[in-house]
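Asks: Each chain, written out:
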Amino acid sequence: MRRTVLSAMTLACTAVLVSTAPAFADGKTPAPRDPSSAATPAQSAEPSRGPAASPVPSQQRTRPGAATPVPKQEPTKTRDRGQVGVIPRGAPNTGVTAKSSGSDAEGQLIGGGAAAALVAGGAAVFVVRRRRATGA
Amino acid sequence: MTPFSRRAFATAAMASLLVGCGGHPARQTTAASGSGTTSPPYPTPVKAARPLGRSVPVRLRIPAIDVDTPVMRLGLAPDGSVRVPPVTEHDQAGWYQHSPTPGQTGPSVILGHVTVGEYGDGVFRHLARLHRGDRIVARLENGTAAAFAITAVRTVAKADFPADDVYGDVSRPELRLITCGGPRSGDGYRDNVIVFAALTSAGS
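If you read the protein sequences in the order shown, they are chains E and Z. Everything in the first sequence is counted per full-length UniProt numbering, starting at 1 for the first residue and increasing by one. Everything in the second sequence is counted per full-length UniProt numbering, starting at 1 for the first residue and increasing by one.
These aren't lab readings, by the way, just hints derived from the structure by calculation. Virtual Cβ for every residue (Gly too), placed ideally from N, Cα, C. Treat the hints with caution; some may be incorrect.
Claimed, not checked - If we take Cβ atoms under 8 Å as the criterion, some of the chain Z residues that face chain E in the derived model are: (1) Gly80; (2) Pro100; (3) Thr105; (4) Gly106; (5) Gly112; (6) Ala163; (7) Asp169.
Only chain Z is shown next, with the shape it has when bound in the complex (with noise of 0.2 Å):
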């Protein structure tokens, strides 16, 4: 081999280096570590607010992970899931119309999507990055607003939806907030981001 061609040869061995390197983006920035619990589902002792009357929530804000979006009404899908927004209403989040209304006594039920294909990210799609003690504010139909903070953040494998824990009655006014997260699965995710919340304050 002559010194020609070792250069030559050395060279390609950089390039491909170069470029494998390069061609391997770190994209799975939102998959979980997989399913379980990243805190406990209620353990964090909120200080309780008087629940509020029946009034739709028009708005959600979520200051943690800049969100400020819309809220629409979500119904059940012909074969009894809960419906979700459209892919192209990406950016709204959506409140589940058999749940109480924030601020409520019982469990308030709003979705919003994580990423939606073409579409790009959804609304809630740094929702697994909430703590607790984070802030969410529902704007209702009635001009109140409704405070919660957080009293858990849930990775849950979809096959193992904990129904109970988010649509089971409390004692108090609460807030869910709910999505996909952890590895892909298909054209979808293996799990849920299960976000639990309690009413702080209400006021206008």
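The following block holds chain E by itself, in its conformation from the complex (with noise of 0.2 Å):
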């Protein structure tokens, strides 16, 4: 009997602990913190601009500096001619990673694995008790 409930024992425990192995690793992605990329307030920032943002291109290749804050050491290449006034510097950041989005449905996958392991482990306990207790 004692045998029995160790050996249940030891199937809990390693169901839980293979379990929650890659969950921990998932831990290690990046916590959600506050992107600086796409924090900045786009549309509360835009109405401040709203007079340059008017719909008249001349104007805008005209004053790049009433358009937009464009910083002192202009980073941005601001263009008399052409038809993007402000080429913006670098590469656009559209994406934050953080926690994946796909983590509920990999809490799922973990959660029905430790519900299956659970589940054929408590069978083979079953199984063992009856035949001991038939004396196969």
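Could you fit the two chains together into a complex? Lean on the hints.
Replies: Below you can see the structure in the form of structure tokens.
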């Protein structure tokens, strides 16, 4: 009997340990901290630039300084001619990973796996006990 | 080792195997195979349509990936980079207001998120799935709509962002859709996914 209990505990511990390991590994992904690139309040900033955003392309080109808060170092290319009035600096940052969007599905899989392991273990213990009881 | 112990170990091994298999789902569904061009930038001759007058885009529709979203205006950040929609507005795209409006001659630039961390998927989550010939429709403030056909979809490293291809002058009305893609890098992505499209028709 003691053996049976110990075996059941071993199975349960194994299932729990193995199922939690992937969760720890995923926890190493970066925390969802406020992303600097995406945190810029674009929408709220727009009204202040409202007048400069008037739909007159020629004005945008001749008054690039008024159109946007260009820093003193002028990191962007401001062009007098050209279809894009001000060429932004660098590449757009349009993705924040932080928490994996698939974490919910992942959690379900882990939970399901653990449950399956426990069921399998329980079934094994049941069979063993039955056999021992019947003396097989 | 008794038969009982053998069975117990066998069961434990099976349990480990089961859980181990279930614990590693294929979550990198968006990760592109790496930098590189999935199709050339300007390969497709699209029947040119007459350019439209200037009118700000208010809505963007991409039927192939079930996108139908409002469009906000985007300017420049203090560091000179282009602003992107706030993470709380991850379901919206943004038009770069220093580029032509959709339908005007020149490259009109629209940006959107691919994912936004805890907020989930961005509006351009599946941009990389688009193909040459897919349709994009920008609805404009004046009530008209500009329809574009995709000419190329490129995935490029951010370090080698093709500014000239994206922002450079062109001889016809074109559209650029930009988001992030490729392998995850820190809390962002290594690459950009850029969709190039050309105006095919305009109407109300």
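Asks: If a hint holds in the structure, say so; if it doesn't, say that too.
Replies: Here is how each hint holds up against the structure:
Checking Z/Gly80 against chain E by beta carbon gives a least distance of about 3 Å; that is within 8 Å, so the hint holds. Checking Z/Pro100 against chain E by beta carbon gives a least distance of about 5 Å; that is within 8 Å, so the hint holds. Taking 8 Å as the C-beta cut-off, the interface hint given for Z/Thr105 holds, the closest approach to chain E being about 7 Å. A cut of 8 Å between beta carbons decides the hint on Z/Gly106: the least distance to chain E is about 3 Å, and the hint holds.
For the restraint placing Z/Gly112 at the interface with chain E, the shortest Cβ-Cβ distance is roughly 6 Å, inside the 8 Å limit, so the hint holds. Evaluation of the Z/Ala163 hint against chain E yields a held restraint, the C-beta minimum of about 6 Å falling below 8 Å. Checking Z/Asp169 against chain E by beta carbon gives a least distance of about 5 Å; that is within 8 Å, so the hint holds.
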